[in-house]
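Visitor: Sequence:
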Amino acid sequence: MTRFVIDAPTLLHLVAEGVPVASGHQLVAPHVLRSQALDLLFTAVRRGELTEREALARHDAMTRVKIRSLGDRVSRQVAWEIARDHGLDSTTDAEYLAVTRLQADLFVSVDPAARSRAEGIVPVGTFDQVAAP
Numbered sequence: 001m002t003r004f005v006i007d008a009p010t011l012l013h014l015v016a017e018g019v020p021v022a023s024g025h026q027l028v029a030p031h032v033l034r035s036q037a038l039d040l041l042f043t044a045v046r047r048g049e050l051t052e053r054e055a056l057a058r059h060d061a062m063t064r065v066k067i068r069s070l071g072d073r074v075s076r077q078v079a080w081e082i083a084r085d086h087g088l089d090s091t092t093d094a095e096y097l098a099v100t101r102l103q104a105d106l107f108v109s110v111d112p113a114a115r116s117r118a119e120g121i122v123p124v125g126t127f128d129q130v131a132a133p
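Mapping to the working numbering: the sequence shown position 33 is 33, numbers consecutive.
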């Protein structure tokens, strides 16, 4: 089994494209994942990129994606250390990397900036590795 940490843009991409997770893989993320995804949906509605109905349908779909959610004291401490040691602007961004370091095999994001932040800190995978063929 391969464990992948995904971020909010990647979760929404999975849902928008209707892509199932490949069998034998497990998704893992910090507790903040679903709140960040909801915020991205809300922002998309405010910008006129999605209707409220579309956004709420995607929200419903994302709640059905099986994701192991983590947020213990150790992962928060490691997030602090990663943010400090690598000059990140946010411990929130570092939480994804901490969970990857502690509980997963690869970090996957459809966001080039997130992938770039992760390079050299944790192993980085591709969206295609997560998706079922």
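These are calculated hints, taken from the structure and not from any lab test.
As the structure is a computational prediction, the values presented were derived from the model and not from experiment.
From the three backbone atoms N, C-alpha and C, an ideal C-beta is built for every residue, glycine too.
Watch out, some of these pointers could steer you wrong.
What the hints assert, rightly or not - Derived lysine to aspartate or glutamate pairs resembling DMTMM-like cross-links, with alpha carbons at most 20 Å apart:
(1) 66 / 128
(2) 66 / 119
(3) 66 / 105
Claimed, not checked - DEER-style ranges, computed between Cβ atoms:
(4) 42 / 85: 28 to 36 Å
(5) 47 / 133: 30 to 38 Å
(6) 23 / 84: 34 to 42 Å
(7) 123 / 69: 31 to 39 Å
(8) 59 / 129: 31 to 39 Å
(9) 63 / 25: 14 to 22 Å
(10) 31 / 86: 32 to 40 Å
(11) 22 / 111: 32 to 40 Å
(12) 22 / 81: 17 to 25 Å
(13) 63 / 127: 31 to 39 Å
(14) 1 / 72: 36 to 44 Å
(15) 42 / 18: 19 to 27 Å
Visitor: For each hint, tell me whether it holds in the structure or not.
Guide: So, going through the hints one by one against the coordinates:
1. 66 / 128: holds (18 Å)
2. 66 / 119: Given pair residue 66, residue 119 is violated - Cα atoms ~26 Å apart, limit 20 Å.
3. 66 / 105: Given pair residue 66, residue 105 holds - Cα atoms ~17 Å apart, limit 20 Å.
4. 42 / 85: 28 to 36 Å: Taking Cβ atoms as reference, residue 42 and residue 85 lie about 33 Å apart, which means the hint holds.
5. 47 / 133: 30 to 38 Å: holds (33 Å)
6. 23 / 84: 34 to 42 Å: holds (38 Å)
7. 123 / 69: 31 to 39 Å: For residue 69 against residue 123, whose Cβ atoms are near 21 Å apart, the range 31 to 39 Å is violated.
8. 59 / 129: 31 to 39 Å: violated (25 Å)
9. 63 / 25: 14 to 22 Å: Cβ of residue 63 to Cβ of residue 25: about 19 Å, so the range 14 to 22 Å holds.
10. 31 / 86: 32 to 40 Å: Violated, since residue 31 and residue 86 (Cβ atoms, about 21 Å apart) do not stay within the stated range.
11. 22 / 111: 32 to 40 Å: Distance hint for residue 22, residue 111 is violated at roughly 21 Å.
12. 22 / 81: 17 to 25 Å: Roughly 32 Å apart at Cβ, these two residues miss the hinted range, so it is violated.
13. 63 / 127: 31 to 39 Å: Check failed, 20 Å falls outside 31 to 39 Å.
14. 1 / 72: 36 to 44 Å: violated (21 Å)
15. 42 / 18: 19 to 27 Å: holds (21 Å)
Hint check: violations occur at hints 2, 7, 8, 10, 11, 12, 13, 14; the rest are consistent with the structure.
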